[in-house]
Amino acid sequence: MRAFWKKYGLAYTFIAPAALGMLLVHYWPMLQGIYMSFLDLNLRTLSLYLKAPFVGLANYYEILFNTESTFRTGFVYAVRTTILYSLVVNLLTLSLGLLVAHVLNRPLFLRGLWRSLILLPWVVPSYVVGLLWGFMWLKNGVINHILVDILKIFSEKPSWLVGPLTFWAIVIPTVWRSWPFVMITYLAALQSIPQELYEAAKVDGASPWQRFRHITWPSLRPVTAILVLYGVLGTFYSFNIVYMMFGHGAGYPGEWGDLLMTNLFRNTFGLWKFGVGAAASVLYMAMSVAFILFWYRVFREDLKAR
Amino acid sequence: MLKKALSSLAILALSMGFAQKTLEIWIMPNSPKPIDDLKAIVAPFEKANNVEVKVTVLDWGVAWTRITTAATSGVGPDIVQLGTTWVGAITAMNVLEPVDDVLQALGGSEAYLPAVWNTTRLYGSPTATAMPWFSELRAFYYRTDALKAAGVDPDRMFSTWQDFEAGLAQLAKSSFTDPVTKRPLFPLCAPGKNTWDVLHNAAPWIWGNGGEIVKRVGGKWQSALNSPESLEGLDFYFSLAVKGYIPTEALEKNTAQIEADFQAGRCAVMSSGPWVIRGSRLPEAQGGFAERVAAKNLGVAPYPRGPKGRYTFFGGSNLAIFKFSKNKELAKELLKFLGSPEVNYKYAMTAGNLPTQKAAWERPEIKNDPLLSRFVQAAQFGRTYPTLAGWGEVENLAVQHLGMVWDTVTQKRYSKEALKDLMDKASRAINEAVK
Numbered sequence: 024m025r026a027f028w029k030k031y032g033l034a035y036t037f038i039a040p041a042a043l044g045m046l047l048v049h050y051w052p053m054l055q056g057i058y059m060s061f062l063d064l065n066l067r068t069l070s071l072y073l074k075a076p077f078v079g080l081a082n083y084y085e086i087l088f089n090t091e092s093t094f095r096t097g098f099v100y101a102v103r104t105t106i107l108y109s110l111v112v113n114l115l116t117l118s119l120g121l122l123v124a125h126v127l128n129r130p131l132f133l134r135g136l137w138r139s140l141i142l143l144p145w146v147v148p149s150y151v152v153g154l155l156w157g158f159m160w161l162k163n164g165v166i167n168h169i170l171v172d173i174l175k176i177f178s179e180k181p182s183w184l185v186g187p188l189t190f191w192a193i194v195i196p197t198v199w200r201s202w203p204f205v206m207i208t209y210l211a212a213l214q215s216i217p218q219e220l221y222e223a224a225k226v227d228g229a230s231p232w233q234r235f236r237h238i239t240w241p242s243l244r245p246v247t248a249i250l251v252l253y254g255v256l257g258t259f260y261s262f263n264i265v266y267m268m269f270g271h272g273a274g275y276p277g278e279w280g281d282l283l284m285t286n287l288f289r290n291t292f293g294l295w296k297f298g299v300g301a302a303a304s305v306l307y308m309a310m311s312v313a314f315i316l317f318w319y320r321v322f323r324e325d326l327k328a329r
Numbered sequence: 010m011l012k013k014a015l016s017s018l019a020i021l022a023l024s025m026g027f028a029q030k031t032l033e034i035w036i037m038p039n040s041p042k043p044i045d046d047l048k049a050i051v052a053p054f055e056k057a058n059n060v061e062v063k064v065t066v067l068d069w070g071v072a073w074t075r076i077t078t079a080a081t082s083g084v085g086p087d088i089v090q091l092g093t094t095w096v097g098a099i100t101a102m103n104v105l106e107p108v109d110d111v112l113q114a115l116g117g118s119e120a121y122l123p124a125v126w127n128t129t130r131l132y133g134s135p136t137a138t139a140m141p142w143f144s145e146l147r148a149f150y151y152r153t154d155a156l157k158a159a160g161v162d163p164d165r166m167f168s169t170w171q172d173f174e175a176g177l178a179q180l181a182k183s184s185f186t187d188p189v190t191k192r193p194l195f196p197l198c199a200p201g202k203n204t205w206d207v208l209h210n211a212a213p214w215i216w217g218n219g220g221e222i223v224k225r226v227g228g229k230w231q232s233a234l235n236s237p238e239s240l241e242g243l244d245f246y247f248s249l250a251v252k253g254y255i256p257t258e259a260l261e262k263n264t265a266q267i268e269a270d271f272q273a274g275r276c277a278v279m280s281s282g283p284w285v286i287r288g289s290r291l292p293e294a295q296g297g298f299a300e301r302v303a304a305k306n307l308g309v310a311p312y313p314r315g316p317k318g319r320y321t322f323f324g325g326s327n328l329a330i331f332k333f334s335k336n337k338e339l340a341k342e343l344l345k346f347l348g349s350p351e352v353n354y355k356y357a358m359t360a361g362n363l364p365t366q367k368a369a370w371e372r373p374e375i376k377n378d379p380l381l382s383r384f385v386q387a388a389q390f391g392r393t394y395p396t397l398a399g400w401g402e403v404e405n406l407a408v409q410h411l412g413m414v415w416d417t418v419t420q421k422r423y424s425k426e427a428l429k430d431l432m433d434k435a436s437r438a439i440n441e442a443v444k
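So the sequence lines, in the order shown, correspond to chains A and B. The first sequence maps to residues 24 to 329 in my numbering. The second sequence maps to residues 10 to 444 in my numbering.
Hints are computed from structural coordinates only; laboratory data are not their basis. Among the hints, a few may not be true.
Example chain A residues on the side facing chain B (calculated, C-beta under 8 angstroms, incomplete) [unchecked claim]:
(1) V78
(2) T90
(3) E91
(4) L184
(5) G186
(6) P231
(7) Q233
(8) T291
For lysine-lysine, the following DSSO-like pairs were computed, each having C-alpha atoms within a straight-line distance of at most 27 angstroms [claimed, not checked]:
(9) K175/A x K421/B
(10) K335/B x K345/B
(11) K30/B x K434/B
(12) K224/B x K434/B
(13) K317/B x K337/B
(14) K341/B x K48/B
(15) K335/B x K74/A
(16) K229/B x K191/B
(17) K182/B x K180/A
(18) K74/A x K444/B
(19) K48/B x K444/B
(20) K56/B x K434/B
(21) K367/B x K355/B
(22) K182/B x K305/B
(23) K182/B x K252/B
(24) K157/B x K252/B
(25) K341/B x K175/A
(26) K180/A x K421/B
(27) K30/B x K56/B
(28) K224/B x K444/B
(29) K332/B x K180/A
(30) K317/B x K252/B
(31) K341/B x K63/B
(32) K335/B x K56/B
(33) K63/B x K180/A
(34) K191/B x K74/A
(35) K444/B x K434/B
If the Cβ cut is set under 8 angstroms, some of the chain B residues that face chain A in the computed set are [unchecked claim]:
(36) V104
(37) K202
(38) G253
(39) E258
(40) L260
Backbone N, C-alpha and C define an ideal beta-carbon position, used for all residues, glycine too.
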């Protein structure tokens, strides 16, 4: 023990403040949240906080099996839209990011300038993105002006902020904001692939597709793994863009605009069902953990140190 | 050394004894410069009582969370601004100091309109917990030039629902164009679901047809959104959009954007609160629209009479004292100061709203003002929501389901059956929530 302390004591002392901070601001509230999911915590019992009546699994039952529950208003739509949103956004950001990274990874006039310009959307905070695109999607907004008045793609101006088109109204700004990060990450990964590999492949007569398939893609898999994890969790917990785009949180984004987090927020704080809200958060957390386990199975080999 | 330390301690103790007391107040952004505007109003009170009033501004979006957190934790201001529909809920948390004595000193129920007096307490409670601060109500704004050109008499148009619709039909056919935009005006601009006041906009049409949002049945509150009267009233309202009097492009906007459209000369009629009048008299450099054509041709009219009565939404904000305040007596004095007719009037005008004291409504500046006086007239038909503890849930569910109805309108699949189906769903959810 003494020897152990002598060897590692200093290291533990240095880690202690950070660990304590994590415990206080991360794990303690998380545990409280999990405990809250077993309480009947609503407006009337809010002042009791953690001493609110203990109801066991009743909150979980309400979300999973009570189809009459007010908490489930719009829930099924939110699940469907979130899954589609996550799929479409990540497919688009990954493919767009990879494509542009390839273009920028070769000698190009003013390459540095293009790289910086492309990164710009990524520095815009997501709630500002939601606010600005909310204006642009208006029926008489700039997007319809370009699509209808200038390019004449549609015969009449579509309503992007109501009805099924809302799905694209939230997907496109999300992609717009997230793909630059994917691109820059892929670009960094591409630049770390030794050029000799390509030269050797060329000498052996490999086609561009074969070079991509057998050199580029295997080298990019570890980075892709991280980007998929980051992207899926990001879209799963997406909130700001939808919240800001439809009346700054007021009103209801509709069947095709409402996501899990905006639904959770509205039903928890609008209906003041904090216990049920906590239970839903725990379930969502379990879903993310399940996804991470699945993700780890798929990419396990790529994540091993080589 | 010791001597020096002792003397500085003594000075510290003395200065603490004589230190100014502070009263902390949380308000929402009620006026263009929320802190400075309120500080100017309370300056005489600060001087007379040797107290500093510390003003903190909460945005409406976060106010609810901040206030309930304060109520739960016991850490917060002495005085807090509450939207009138929040009074029931916060009172039910048992964190508000009774203010019956304050209201008595201000003249009691006699001094207020019944609609305002209802908002001073939790529904059915004998104890008042909030002092009415300023009133917000809705009326129609119209363009006098557009109505004249279309041959529409405003007094006639805003007298009954049928006349209102007939007026809109005439405006739709009118060839009048705005002198600046050179384009015809939309007959009526109103937001759809992407706004915070979805229910406020629908309520007058429900009430005017004899319907209600919630009603008491055998001692219990129930949704009445799916009653035949409510459905018929709502159908009239949504039909205005289906028939094209409200343009589809307005339906995706929020209330602020609709007001901007009206100011820019794109609409003949819109519904809004008294702040538009203040805006019409302020130059653009100060955030108003006095230079615009709309400001120079502005008319105000109360909501038209429905088959079963004439109503308009009546809301506003009240002030309440937290039980945990250490300066309750002084806080009550500040409430009496802010609630007195003179100060009540002054602050309401700064905020572009209306005062709550009847005496303040009687002032010549309001009574003789051609536009503000129309709001005084509209206030007679003002109706508030019941101050239930669970009102937030009711409103939230109503807004969500009315939003779904707006979706059917914009996607051109609106029908009376679709409306009934959604209001049935809303009612089941509301009944479950208030159970």
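Going through the hints against the structure:
Among the interface hints, the one on V78/A is violated; its C-beta lies about 16 angstroms from the nearest C-beta in chain B, farther than the 8 angstroms criterion. Violation of the interface hint for T90/A is found here, the shortest Cβ-Cβ separation to chain B being roughly 11 angstroms, above the 8 angstroms cut-off. Taken as an interface hint, E91/A checks out: its beta carbon lies about 6 angstroms from the nearest beta carbon of chain B, inside 8 angstroms. Taking 8 angstroms as the C-beta cut-off, the interface hint given for L184/A holds, the closest approach to chain B being about 4 angstroms.
Interface restraint check for G186/A: the shortest CB-CB distance to chain B comes to about 5 angstroms, inside 8 angstroms, so the restraint holds. A least Cβ separation of about 46 angstroms between P231/A and chain B goes past the 8 angstroms threshold, and the interface hint is therefore violated. Against a cut-off of 8 angstroms between C-beta atoms, the interface hint on Q233/A is violated, since the closest Cβ of chain B lies about 49 angstroms away. Annotation: T291/A was flagged as interfacial toward chain B, and the flag is violated, the nearest CB pair being 11 angstroms apart, outside 8 angstroms.
Straight-line distance between C-alpha atoms of K175/A and K421/B comes to about 23 angstroms, which keeps the hinted pair within the 27 angstroms bound. Restraint check for K335/B and K345/B: satisfied, since their Cα atoms lie roughly 18 angstroms apart, inside the 27 angstroms limit. This hinted pair does not check out: K30/B and K434/B have alpha carbons roughly 53 angstroms apart, beyond 27 angstroms. A C-alpha spacing of about 17 angstroms is found between K224/B and K434/B, which places the hinted pair at or below 27 angstroms, so the restraint holds.
Taking the CA atoms of K317/B and K337/B, the gap is about 45 angstroms. The hint is violated against a cut of 27 angstroms. For the suggested pair K341/B and K48/B, the alpha carbons sit about 17 angstroms apart, so the restraint of at most 27 angstroms is met. Proximity of K335/B to K74/A is assessed by CA-CA distance (about 26 angstroms); at most 27 angstroms being required, the pair is judged to hold. Pair hint K229/B plus K191/B does not hold up; C-alpha atoms about 55 angstroms apart against a cutoff of 27 angstroms.
With a C-alpha separation of about 22 angstroms, the suggested pair K182/B and K180/A falls inside the 27 angstroms cut-off, and the hint holds. Restraint check for K74/A and K444/B: the C-alpha separation of about 23 angstroms stays at or below 27 angstroms, so the hint holds. Of the pairs offered as hints, the one joining K48/B and K444/B is violated, with about 43 angstroms between alpha carbons and a cut-off of 27 angstroms exceeded. Distance restraint check for K56/B and K434/B: the Cα-Cα separation of roughly 56 angstroms exceeds the 27 angstroms cut-off, and the hinted pair is therefore not satisfied.
For the given pair, K367/B sits about 14 angstroms from K355/B by alpha-carbon distance, which is consistent with the 27 angstroms threshold. Distance restraint check for K182/B and K305/B: the Cα-Cα separation of roughly 23 angstroms lies within the 27 angstroms cut-off, and the hinted pair is therefore satisfied. Restraint check for K182/B and K252/B: the C-alpha separation of about 13 angstroms stays at or below 27 angstroms, so the hint holds. Distance restraint check for K157/B and K252/B: the Cα-Cα separation of roughly 23 angstroms lies within the 27 angstroms cut-off, and the hinted pair is therefore satisfied.
Between the alpha carbons of K341/B and K175/A the distance comes to roughly 64 angstroms, so the proposed pair goes past 27 angstroms and is violated. For the hint linking K180/A to K421/B, the alpha-carbon distance of about 15 angstroms falls within 27 angstroms, and the restraint holds. Restraint check for K30/B and K56/B: the C-alpha separation of about 12 angstroms stays at or below 27 angstroms, so the hint holds. Restraint check for K224/B and K444/B: satisfied, since their Cα atoms lie roughly 13 angstroms apart, inside the 27 angstroms limit.
Using a Cα cut-off of 27 angstroms, the hinted pair K332/B and K180/A is violated, with the two alpha carbons roughly 55 angstroms apart. The straight-line distance between the Cα atoms of K317/B and K252/B is roughly 23 angstroms, inside the 27 angstroms bound, and the hint therefore holds. A C-alpha spacing of about 15 angstroms is found between K341/B and K63/B, which places the hinted pair at or below 27 angstroms, so the restraint holds. At roughly 20 angstroms between alpha-carbon atoms, K335/B and K56/B fall within 27 angstroms of each other, so this suggested pair holds.
With a C-alpha separation of about 50 angstroms, the suggested pairing of K63/B with K180/A is violated against the 27 angstroms cut-off. As the CA atoms of K191/B and K74/A are separated by approximately 65 angstroms, the hinted pair breaks the 27 angstroms bound. Among the hinted pairs, K444/B with K434/B is consistent with the structure: their alpha-carbon atoms are about 16 angstroms apart, no more than 27 angstroms. About 7 angstroms separates the beta-carbon of V104/B from the nearest beta-carbon of chain A, less than 8 angstroms, and the hint is met.
For K202/B, the interface hint holds, the least distance from its beta-carbon to any beta-carbon of chain A being 5 angstroms, beneath 8 angstroms. Interface restraint check: G253/B against chain A, minimum CB-CB distance 14 angstroms, threshold 8 angstroms, status violated. Interface hint at E258/B: satisfied, since its Cβ lies 4 angstroms from the closest Cβ of chain A, which is below the 8 angstroms cut-off. With a least beta-carbon distance of about 7 angstroms to chain A, the hint placing L260/B at the interface is held under the 8 angstroms criterion.
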